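Asks: Listed below, chain by chain, are the residues.
Protein chains: 2
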Amino acid sequence: MLAEKVMARRYLRDFPIGPFWRVDSPWHNVKFYAEFTLSAEDTLYFSWEGRISVYFYDLDKYLYGFDGKVTLPAGRYKMEIWLYNPEGLPCLKIDGKEFCSDENVQVSYNQFQLRNSFVCDCGEMTPNTFCLPKREIEALSQTPCEGGTVYDYGKIRMCFASFSGCRELPFRCYFGETLAEVMSDEYCEQISFFTPAEGRYDVPVSKAFRYLRVVTDSPYSMSVKEEYNPSAQSIAFRLENKRFMQIIEVAKHTLSVCDREFFLDGAKRDRWLWGGDAYQAFKLEYFVSCDYAKIRRNIIALCGKSPVVTYINHIMDYTLYTIMSVWEYYSFSGDAEFVKYIYLILEEHMHFVLGRTNEDGFLYKQPNDWVFVDWGDLDTDGEVCFEQILLFLALKSLYKLGDVIGGNTEQYKLRAKALRAKIDEVFWSEKRGAYLHSRKEGKTGDSVTAYANVFAVLYRFADREKTEKIKKTLLYDESVPEITTPYMQSYKLACLFEMGEWKKAVQEIMSYWGGMLDGGATTFWEVYHRGETEETSCEMYGRKFGRSHCHIWGASVLYLIPRYIYGICKDIACGETFELRPILALITDSQIEVPLKRGTLRVQATKEKITVFSDEIDGKLIIGDIVYAVEKGKPITLDRRTRVKRNTAASRLKIHS
Amino acid sequence: MLAEKVMARRYLRDFPIGPFWRVDSPWHNVKFYAEFTLSAEDTLYFSWEGRISVYFYDLDKYLYGFDGKVTLPAGRYKMEIWLYNPEGLPCLKIDGKEFCSDENVQVSYNQFQLRNSFVCDCGEMTPNTFCLPKREIEALSQTPCEGGTVYDYGKIRMCFASFSGCRELPFRCYFGETLAEVMSDEYCEQISFFTPAEGRYDVPVSKAFRYLRVVTDSPYSMSVKEEYNPSAQSIAFRLENKRFMQIIEVAKHTLSVCDREFFLDGAKRDRWLWGGDAYQAFKLEYFVSCDYAKIRRNIIALCGKSPVVTYINHIMDYTLYTIMSVWEYYSFSGDAEFVKYIYLILEEHMHFVLGRTNEDGFLYKQPNDWVFVDWGDLDTDGEVCFEQILLFLALKSLYKLGDVIGGNTEQYKLRAKALRAKIDEVFWSEKRGAYLHSRKEGKTGDSVTAYANVFAVLYRFADREKTEKIKKTLLYDESVPEITTPYMQSYKLACLFEMGEWKKAVQEIMSYWGGMLDGGATTFWEVYHRGETEETSCEMYGRKFGRSHCHIWGASVLYLIPRYIYGICKDIACGETFELRPILALITDSQIEVPLKRGTLRVQATKEKITVFSDEIDGKLIIGDIVYAVEKGKPITLDRRTRVKRNTAASRLKIHS
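In order, the protein sequences belong to chains D and Z.
As numbered in the numbering used here, residues 900 to 1556 make up the first sequence, in order.
As numbered in the numbering used here, residues 900 to 1556 make up the second sequence, in order.
Only chain D is shown next, with the shape it has when bound in the complex (with noise of 0.2 Å):
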């Protein structure tokens, strides 16, 4: 419902464009079951919203002149309650002394499948009036132009602009990433023109943006208010590197404006919730807030209802990365109910992959059918090799789940097996020292791209043999298409990070997000090629300001940082322990604080030592060879050069060879 709501917000000036795939509503007739003991009399103080009915079982007894509240003898009982609520979800709150609503409430939509309530940590809203809240921000410049100001809030925020003290005179205002964009009549992305009645007018639906120029001859006196997310990120630095930090802040801020109700892709173009994107973002969460409601939210909204009858977002790769971002968040987690609740389907979407494979056990590209990938210029007909390697971790992620809730994974296993080995017979070239691109008519063309490698290292596709292969090709063959979007920009470098290779890694992100700061960058963009700057750097679709300038996956390295340069690992043993691997040259004189499961985890390096803390999770903190135990709630410290503990609390733990 939510997400429909979130979804349906894209415009591209007064032009409203909805999501283009099948957006699912919540089930407006529902019952919800509820068994409670009271020992002492007592009341319980119903909230709902849509029309309730409560019903006792044991007592027989419909609830007739029901007021809101029953007060009921002490005893056992049984409670059914209907709920219809035809405008938006059917949500209910009990409270009282002994029983309260919480996810025991057991619910169904008269399909005789109960499953436990979603308990909506809304505060004073509801689920279905739920909304960010807003503060007021200032322009840091105005500047008069033709007919009008242009005002400058410093960098892009998601804002609604309201006018009063106007007189009944034509008002139009463009919002702008760029200054270009905002001075341009013709191409300005989100516009709103209107002429106020009785004095005021405020504009509907939020905007993204730097720059607003207000052409009008009317006085007015404008309010921008910024609608802001209010968690706050926990991940914390503090570097030595002014230009590390910058980048950070920089990242930072980004995922604040895209990580709404839902992770949005971008905050002027579509403002939707993308698979692929998500799926990213997620990895971002786990180090930046750790928050895994909102990772839930965000996996519901994606997989929708049944039945499946088309891939995620209508992309191919996006249904693949949603099935793996289920086994990543148990990972990280440990939430086997979550992996109960969504496992139906999950195997109901990978049974219409299933379904769309060829007599090799393959995806390729059918009518309707979008093979992303990536931006760029990239042919993505026939079979391609990057989505049989999705396909194969979809298919392991999906195993794996099942094996966790005791499903019958056997087919899975077999597909997943075949299809490895199909994949290193059809694609794999000794010669190029790497996967090719695709093949097409039954023929693997010569070309090769980074993703399929990128992928087959990362998530340990490919052996040790042919990883080392695969990082000549990347490092030295020139004839591997540049990636010009942070998303795969990412997931190069964390490949290269895995690969031992830190130092062009780092210099990567020096260059290629420090490339957008040097452009003028204020929030990271959707796609870069070097040497833009943010003005040059607007066109898209063949439009001229189609490109996102505040994009979620420019974000991403927020989930680099900590993972490699601090080589912190939490998806071990559900989130219950961590390892820390640090690069030890890249982390003098820096600090860093980052969520786990439970707790915190801080690091603060100087260049004589390197104190770690966790105050609710034992780990270890590996350095070269030497594996050292941290245990929750007790520092440790280290000599940087002797390598030997200050402390005593803590104890060596192992010495490889």
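The set of hints was computed from the structure by calculation and includes no laboratory data.
Among the clues, some could well be false.
[Said to hold, decoys possible] For the chain Z half of the interface with chain D, some residues (derived, Cβ under 8 Å), not all of them: (1) 1009; (2) 1011; (3) 1015; (4) 1205.
Predicted model only: the values in this text are computed from it and were never measured.
The C-beta atom is built at its ideal place from N, Cα and C for all residues, glycine as well.
Starting from the known structure of chain D, arrange chain Z on it as the hints suggest.
Replies: Chain Z alone, transformed into the frame defined by chain D:
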């Protein structure tokens, strides 16, 4: 959407009772596609509900600043319209000189499957605002009672009550089908208790009642508005037999009260759309008004959306009837377009059903299944023969529908063939001369009920020899329990007519429906045990006034009379012809008009002659073994005694030996 709203109107006192099955909502985010040619400049006027985006393909033109109309020069256009309506059905109307929105406009909910649009004939209303009209009615009498007044409106109708000129004092309104119900403070099933603010109060939900008791100390003036179905019943009778005329009139009124936006089972109680009740209502509808759109609407609402995970209304028989109803609809209408539209979801229902059969191919009651058959003390555990016969008929209906649209029907044919043999093998009892009621744990009991046998005869499942035996059993075997609902009573009487036992059948109509009249009925009831009166026939479900006294299946004589007494067959050659086999002895001094697929069929009988006239369709009049052609537009008159035609336009077709 409308089905959802309508079915949410069931209340027990002030306790809302939502349907206990899944109710589907419309897709909110849809796209319409249209191609058209304008020979000259034209302006298209758009009306819509939701949020609209209009896009022209070849112009590559998003319509900015759209104000509901577009002026286009002559040319060929391809238009895409995105409509998003979070609150209901996204609906659209386009008016132009050369292009208007009709069923050629394609629509999808973003799953690539384009379908024709539905054209909704709702005048000034929209599919979302649609409601039935209202008209003021007056009480026939009013009688003081303790604390108030009882009003008698003469017969049950669906009405809204409004009060004005009130003081701010409590009102207690009781709405009843019978006097006893309306006088019962505790058990009256429909109530409205309120204290008017600002001098007036409108009871928000329509109530079905004949009597209304208002208890208050306040003065008031009351207005009761009947909500009525404005589409006239086309069927018309004029019979000499007063008793018959009275039965027909009461049946027509009963039907008119339950025939609302959908065919509701009853006016007072469920007010829901049930598959079996609707299936029978369709049989009436072909004779009463023959509104094909209404039948389609009911079938669509019953079938719901994919995925199918329960029986329709949770009732085994009701899924099977619904599949059968589509074949019958096709037989009457020849509407292959609708068959194409509905076939996929019918197949899904059938796959669900077949997934629940056992090794013999039989359906049996599983947890959560409701095997209804009929009200009464019926044992529905195990494998019920009646359900297997319905399954056979549903399979047959499905494969015939599949053959109409070129589907792959082989599997259904094989299943049907095997099932037929197995039913005969397991359930036919030569000794009893009947199909046995059921088999439990491998053993058929000795019990025989009418249901399986009636359907076996009616749908020609039983061969001639078995039919003869069944006839004897139904007529003379007193161990077969009596039927207590007009629902199954009408199938049984149809069966008697089919077996030539029309004297017995007519006698039953007179005694069963006539019996309700004798008991004081002004509408026909859900259940009738011989000898009951209106005031002694109210109990059901252990509730004193639980029974419905205005039930759609109470009107089923409206099918029996034209179909069997006048012998009108309309489902021949998809309704393009008809046959008429009147029982001459029953139609002296009478007149009937019945709608055909096109035009009307009129039969007029006196003691001397019979005249038949069809204005638009050719057919046959068959008396004994003589067949007379009835040419459209040409009345044919027959001398009853000599059976010689009085006019010369029609010719004798064929004489059987």
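Asks: Given residue 1015/Z as an interface hint, is its Cβ closer than 8 Å to any Cβ of chain D?
Replies: violated (19 Å)
Asks: Is the interface hint for residue 1205/Z satisfied, with its Cβ closer than 8 Å to some Cβ of chain D?
Replies: Residue 1205/Z check passes; min Cβ-Cβ to chain D is 5 Å, inside 8 Å.
Asks: Just to be careful: measuring from the Cβ of residue 1011/Z to every Cβ in chain D, is the smallest value less than 8 Å?
Replies: holds (5 Å)
Asks: A closest beta-carbon separation below 8 Å is what the hint needs, so does residue 1009/Z meet it against chain D?
Replies: holds (5 Å)
Hint 3 from the list above is the single one not met by this structure.
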